[in-house]
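Participant: Chain residues, written in single-letter form:
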Amino acid sequence: MPEITRDEVAHLATLARIDLDDAELDRLAPQLSVILESVASISEVSGADVPPTSHPLPLTNVFRDDVVEPSLTAEQALSGAPAQEQQRFSVPRILGDEQ
Amino acid sequence: MTTATGPTLVPFDDVLAAYDPALGLEVHVELNTATKMFCGCPAAFGGEPNTHVCPTCLGLPGAMPVVNGKAVESAIRIGLALNCEIAEWCRFARKNYFYPDMPKNFQTSQYDEPICFDGWLDVEVEGETFRVEIERAHMEEDTGKSLHVGGATGRIHGADHSLVDYNRAGIPLIEIVTRPIVGAGAKAPAVARAYVSQLRDLIVALGVSEARMDQGNLRADVNLSLAPKGSGVLGTRTETKNVNSFRSVERAVRYEMQRHAGVLQAGGSILQETRHWHEDTGVTTSGREKSDAEDYRYFPEPDLVPVAPSREWVEELRGTLPENPLARRARLQADWGFTDLEMRDAVAAGVLGLIEETVAAGAAPQAARKWWLSELGRRANDAGVDVADLGVTPTQVAAVQALVDAGTVNDKLARQVFDGLLAGEGTPEEIVAARGLAVVSDDGALGAAVDAAIAANPDVADKIRDGKVQAAGALIGAVMKEMKGQADAARVRELVLEKLT
Numbered sequence: 001m002p003e004i005t006r007d008e009v010a011h012l013a014t015l016a017r018i019d020l021d022d023a024e025l026d027r028l029a030p031q032l033s034v035i036l037e038s039v040a041s042i043s044e045v046s047g048a049d050v051p052p053t054s055h056p057l058p059l060t061n062v063f064r065d066d067v068v069e070p071s072l073t074a075e076q077a078l079s080g081a082p083a084q085e086q087q088r089f090s091v092p093r094i095l096g097d098e099q
Numbered sequence: 001m002t003t004a005t006g007p008t009l010v011p012f013d014d015v016l017a018a019y020d021p022a023l024g025l026e027v028h029v030e031l032n033t034a035t036k037m038f039c040g041c042p043a044a045f046g047g048e049p050n051t052h053v054c055p056t057c058l059g060l061p062g063a064m065p066v067v068n069g070k071a072v073e074s075a076i077r078i079g080l081a082l083n084c085e086i087a088e089w090c091r092f093a094r095k096n097y098f099y100p101d102m103p104k105n106f107q108t109s110q111y112d113e114p115i116c117f118d119g120w121l122d123v124e125v126e127g128e129t130f131r132v133e134i135e136r137a138h139m140e141e142d143t144g145k146s147l148h149v150g151g152a153t154g155r156i157h158g159a160d161h162s163l164v165d166y167n168r169a170g171i172p173l174i175e176i177v178t179r180p181i182v183g184a185g186a187k188a189p190a191v192a193r194a195y196v197s198q199l200r201d202l203i204v205a206l207g208v209s210e211a212r213m214d215q216g217n218l219r220a221d222v223n224l225s226l227a228p229k230g231s232g233v234l235g236t237r238t239e240t241k242n243v244n245s246f247r248s249v250e251r252a253v254r255y256e257m258q259r260h261a262g263v264l265q266a267g268g269s270i271l272q273e274t275r276h277w278h279e280d281t282g283v284t285t286s287g288r289e290k291s292d293a294e295d296y297r298y299f300p301e302p303d304l305v306p307v308a309p310s311r312e313w314v315e316e317l318r319g320t321l322p323e324n325p326l327a328r329r330a331r332l333q334a335d336w337g338f339t340d341l342e343m344r345d346a347v348a349a350g351v352l353g354l355i356e357e358t359v360a361a362g363a364a365p366q367a368a369r370k371w372w373l374s375e376l377g378r379r380a381n382d383a384g385v386d387v388a389d390l391g392v393t394p395t396q397v398a399a400v401q402a403l404v405d406a407g408t409v410n411d412k413l414a415r416q417v418f419d420g421l422l423a424g425e426g427t428p429e430e431i432v433a434a435r436g437l438a439v440v441s442d443d444g445a446l447g448a449a450v451d452a453a454i455a456a457n458p459d460v461a462d463k464i465r466d467g468k469v470q471a472a473g474a475l476i477g478a479v480m481k482e483m484k485g486q487a488d489a490a491r492v493r494e495l496v497l498e499k500l501t
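Protein chains in written order, with my numbering: chain A, 1 to 99; chain B, 1 to 501.
Note that these hints are calculated values from the structure, not bench results.
Incorrect hints may appear among the rest.
Stated by the list, open to error - The following label-pair restraints were derived from C-beta to C-beta distances:
#	chain 1	residue 1	chain 2	residue 2	range
1	B	ASP389	A	VAL68	20 to 30 Å
2	B	THR393	A	VAL68	25 to 35 Å
3	A	ARG93	B	GLY282	23 to 33 Å
4	A	ILE35	B	ALA18	48 to 58 Å
5	A	GLU24	B	GLU279	46 to 56 Å
6	A	PRO58	B	GLU210	30 to 40 Å
7	A	ILE35	B	ALA34	37 to 47 Å
8	A	PRO58	B	PHE299	18 to 28 Å
9	A	SER43	B	GLU210	44 to 54 Å
Stated by the list, open to error - Here are the simulated EDC-like cross-link-like pairs (lysine to aspartate or glutamate), alpha carbons at most 16 Å apart as the crow flies:
#	chain 1	residue 1	chain 2	residue 2
10	B	LYS70	A	ASP66
11	B	LYS499	B	ASP443
12	B	LYS145	A	GLU85
13	B	LYS70	A	ASP65
14	B	LYS95	B	GLU175
15	B	LYS481	B	ASP451
16	B	LYS187	B	ASP122
17	B	LYS370	B	ASP411
The beta-carbon is built from N, C-alpha and C at its ideal position, and this holds for glycine as well.
Working from the sequences, and respecting the hints, build out all of it.
Facilitator: Now the structure itself:
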């Protein structure tokens, strides 16, 4: 039976930048375990003849021609930005390093 | 950032006496497709900020990516040229991280199913061939460019906020990763340089990228570790990011070898981390601690269907590959009549392509070799750039040599023509005219200078009159000095001998 520990949930929350307090971790970790168990039950009904599937459609090689299409204008691109400066998206101070 | 005392660097020979280095190189190649990896925005360099963007490369809700077929073709051709297997079926994956240079909060990349894998590239260093094994070459997308505001130096540290331009976000990248390269010993820095240099030659020959390191089309990350000599194990590695010239690749490897040895010999241990290369000071500084792969929470990209190149397509692309680099080198050496040593020096300096283009523009091979390896190589070294980025083109070098061949300038004056070219003063012919560099072979002007030299050096003149013809050199030198190097030396010699014998 798959089980997700409280520590694993805390780690995932950190990676996903979700701020969970102790009470939330206590409550959510067991709930996530139940969800995982439910999903895992699907594997019980799939036989060896069913391959693991990441894409529901039997398609491959969907390619685009290398032809330029119109881009947005800078005004359009920046229209939803909370802050902008010098025709660029302004973002808060970056802590930590480039990936 | 700066510390009062830098790290202890162990002398290079002492590093080699105690440790075996292991290298690993990750090279990102920005493709020269017309459009981005997953959308139709132009992939051209530069542009006004945020004008090469659309909902897809800005990561706006609901936007759907579609793979650029030309980029897949380029990826396969790179893989084939590196003797790789081409996957029969592979997927894209999301690499999740939070950094504003990726507006989607993930980079679309490939994880455990790279399109190309298990290849190799033979590189030659000082006559010895090293086989660099290629672990994988996979497709991904470039990130946006950040401008850090409010800090003292434009650096991220101390900045108040950052401004992001997403024109570059989504440009197709191929990341080529080697397996650990062991056994290079003292040649490790040179092997690293030769690999990147010969990889660049290959990319240029394939025509899949502009491959300019100074513009970031080709970016190298250098992994290095040391292990106790003879132990056969791999030590803890550091990854030095964005080393952007061949020369810097070599310097960064050497520096990290010396720094690692300093840490290890002091009883310390190497922290697995990324490091930043500082071109100006030639040192690396600590970046971030390297996170484990699973921290990126890779998962198959649900918005893109798998790529399954047919074997027919792969074979068709194999037929488009350029000449194998080693075969090309042998052919060029035969065509040019270079000695093994001349060829080796030209390969080591990364100037084969430049010589080839200069010869194609009309210069003799030896003349082309001489300019690129000595005069221009020295200038590039002084300027701390690769000779290809110096700012002189093969066509210009051929034009300068044509002036030498025509007797308009001599080699010494030709150097001043290069000064003019680098200062942007026009074509070689215009520079000769504007700077008054043409050689003087007019007997009137030369005769007067020769007479003056004879009058000023009566003892030398007497020796020549007595039959010591070799003494003429002193008078020729005096005339050349008087005429600021612009005299036709052969004609001066004739005039001296005519007047004194």
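Participant: Look at each hint and say if it fits the structure.
Facilitator: Structure-based check of all given hints:
no.: 1; hint: B:ASP389 / A:VAL68: 20 to 30 Å; verdict: 28 Å, holds
no.: 2; hint: B:THR393 / A:VAL68: 25 to 35 Å; verdict: 28 Å, holds
no.: 3; hint: A:ARG93 / B:GLY282: 23 to 33 Å; verdict: 29 Å, holds
no.: 4; hint: A:ILE35 / B:ALA18: 48 to 58 Å; verdict: 54 Å, holds
no.: 5; hint: A:GLU24 / B:GLU279: 46 to 56 Å; verdict: 47 Å, holds
no.: 6; hint: A:PRO58 / B:GLU210: 30 to 40 Å; verdict: 38 Å, holds
no.: 7; hint: A:ILE35 / B:ALA34: 37 to 47 Å; verdict: 45 Å, holds
no.: 8; hint: A:PRO58 / B:PHE299: 18 to 28 Å; verdict: 20 Å, holds
no.: 9; hint: A:SER43 / B:GLU210: 44 to 54 Å; verdict: 49 Å, holds
no.: 10; hint: B:LYS70 / A:ASP66; verdict: 6 Å, holds
no.: 11; hint: B:LYS499 / B:ASP443; verdict: 12 Å, holds
no.: 12; hint: B:LYS145 / A:GLU85; verdict: 14 Å, holds
no.: 13; hint: B:LYS70 / A:ASP65; verdict: 7 Å, holds
no.: 14; hint: B:LYS95 / B:GLU175; verdict: 14 Å, holds
no.: 15; hint: B:LYS481 / B:ASP451; verdict: 14 Å, holds
no.: 16; hint: B:LYS187 / B:ASP122; verdict: 15 Å, holds
no.: 17; hint: B:LYS370 / B:ASP411; verdict: 11 Å, holds
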